[in-house]
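Taken in sequence, the protein lines are chains A and B. Numbers 1 to 244, taken from the numbering used here, label the letters of the first sequence in order. Numbers 1001 to 1263, taken from the numbering used here, label the letters of the second sequence in order.
Read the hints as simulated data drawn from the structure, not as lab findings. Please note that a few of the clues may not be correct.
Unchecked claim - No farther apart than 30 Å at their CA atoms in a straight line, the calculated lysine-lysine pairs in the DSBU-like style are these:
{"id": "1", "chain 1": "A", "residue 1": "K49", "chain 2": "A", "residue 2": "K221"}
{"id": "2", "chain 1": "A", "residue 1": "K192", "chain 2": "A", "residue 2": "K221"}
{"id": "3", "chain 1": "B", "residue 1": "K1013", "chain 2": "A", "residue 2": "K57"}
{"id": "4", "chain 1": "B", "residue 1": "K1102", "chain 2": "A", "residue 2": "K57"}
{"id": "5", "chain 1": "B", "residue 1": "K1102", "chain 2": "A", "residue 2": "K190"}
{"id": "6", "chain 1": "B", "residue 1": "K1095", "chain 2": "A", "residue 2": "K126"}
{"id": "7", "chain 1": "B", "residue 1": "K1095", "chain 2": "A", "residue 2": "K151"}
{"id": "8", "chain 1": "A", "residue 1": "K80", "chain 2": "B", "residue 2": "K1095"}
{"id": "9", "chain 1": "B", "residue 1": "K1095", "chain 2": "A", "residue 2": "K49"}
{"id": "10", "chain 1": "B", "residue 1": "K1102", "chain 2": "A", "residue 2": "K49"}
Given the structure is predicted, the values throughout are model-derived calculations rather than measurements.
Residue strings, one per chain:
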Amino acid sequence: MACIEVQDISLIYPIFGANARSLRTTIINMATGGRLDKNSGKVLVEALKGVSFQLEKGDRLAIIGHNGAGKSTLLKVLAKIYEPTRGSIHVQGRVNCLFDIMMGMDQELNGYENIMLRGIILGLSKFEIRQIIPQVEEFSELGDFMKMPIKTYSAGMKVRLAFGIITSVASEILLIDEIVNVGDTRFMEKAKQRMKSLVHQSDILVLSTHDLHVVREFCNKAIWLEQGRVKAFGAIEDVLSNYK
Amino acid sequence: MRTLYLAIQDLKKAALQHRVWLHLGWVEVKQRYRRSVIGPWWISLSMLIFILMMGIVFSRLFHQKIQEYIPFFTAGFLFWTFISTSVIEAAEIFKSNGGFIKQINLPHSLYVFKHIVRQVICLLHNFVVYLLVCLVFKFNPGFKALLVIPGFVILALNVYWICFLVAILCARFRDIVPMISSCVQIAFFITPISWMPRLLDQNPAILKLNPLVYLLDVVRAPLLGTLPTEISWFFCSVMAVIGSIITFLAFSLARPRIAFWVD
């Protein structure tokens, strides 16, 4: 049974200035007992502070908040890309991330080779990959372009291919960072339908977005972040009524 | 304790996902040489020409027979190329995979495995140069040559931890990157690759204290039809164990932070 338990997590990370990462600075700091630290240009950012919540099967959570509130950071913590500095996180179930959908696409490879590449990165077997090929072909409508290196594609075509691949993978937990714009209006509608069926198949959805229409359409719960803290968490309408 | 456990988990996951790094390593080689007719053989071809030119000049310079000097230089240079390119390119492992590290939860050690796969593929292409040299100079190392396989395993283990450590240090401290390449350059000249150890006086410190001498010995001696010394085997094994422990501890500390170091 898919579930997510986040308990009191905080995430502090360093942002390095131009010279903070040099060996010299570190050695000087060691020699001077770290007294020069404030000059080294190292800034610590507390991206998340004491965030806690629980999700279970059927929950569709929207993460809302202003720019820099920690929305993407929280998603990356859920995806286990960032490890929280404090607190604990427990995620059960197969996770599929729709962050940078172009990740791992190779410009020199053709459409089919990219399906193979991306499939392997996502941990699919060759057999599973062969099964999703017809779906991707059908969805992306690229026809003979599938046999061409993707560097010859237009931006929209690349997105269609990438979107087609990542949305073919079934998962229990779906993490999405902003719904992508997929080509023209007609295609947008098709992508939306596909997204809906994908969301429908998964047990838990966590979506970070600024678009409140999308939030209302897809989600039943919301978490409102402000400067890394939870401002509100609960049923969608309760949270949205205080937001804005 | 928990940091050590998580680092072991990372390595374990990477070992299980061998399909990912084998495939990615292969794709990277193909990608570099796409649209070039002879592809990765370019490295081998340039190596062949380099070896012949060096062979002609250096065999005279050192007053060695060319049919003896060229196989010696080929066998040494083959593995030197593997070691040096692995270590130099290791500086960029985490940085060049930043796109992955920031987007998907794959174990960090997987990128080091992928790096080694690519280097081994290049080494296998270059190995053909050695076979050609053997043919042309009618050089037959005999069955002892098979000892190159266990020798290569111990060499690869050492190269793995060195690359891993270099990758971690270079992700954290950006000015180690140029430092590494200058060290490698110097190492070429103080290691008996282009010159034979017997040209020096009896057992100088430069041979005794240079770990590369032992690392090369376990793979080069078999290809020349001789046996590596026991000291070389012993030294390489000890180095693999101690180096791996140091690297593992460094990785345990660095692992949660690598994702923040790569941008």
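Hint consistency between B/K1095 and A/K49 [alpha-carbon to alpha-carbon, up to 30 Å]: holds, 28 Å
Restraint check for B/K1095 with A/K126, where alpha carbons must lie at most 30 Å apart: holds, 29 Å
Hinted pair B/K1013 and A/K57, Cα distance within 30 Å: holds, 27 Å
Pair hint outcome, A/K49 versus A/K221 [Cα-Cα no greater than 30 Å]: Holds, at roughly 20 Å.
Agreement of A/K192 and A/K221 with the hint, judged by alpha carbon distance not exceeding 30 Å: This hinted pair holds, its Cα atoms lying about 20 Å apart.
A/K80 paired with B/K1095 [C-alpha distance capped at 30 Å]: holds, 19 Å
Hint consistency between B/K1102 and A/K57 [alpha-carbon to alpha-carbon, up to 30 Å]: holds, 27 Å
Restraint status (C-alpha distance of B/K1102 to A/K190 at most 30 Å): holds, 29 Å
Proposed proximity, A/K49 with B/K1102 (alpha carbon, max 30 Å): holds, 21 Å
Satisfaction of hint between A/K151 and B/K1095, Cα-Cα up to 30 Å: holds, 23 Å
In this structure, none of the earlier numbered hints is contradicted; all agree with it.
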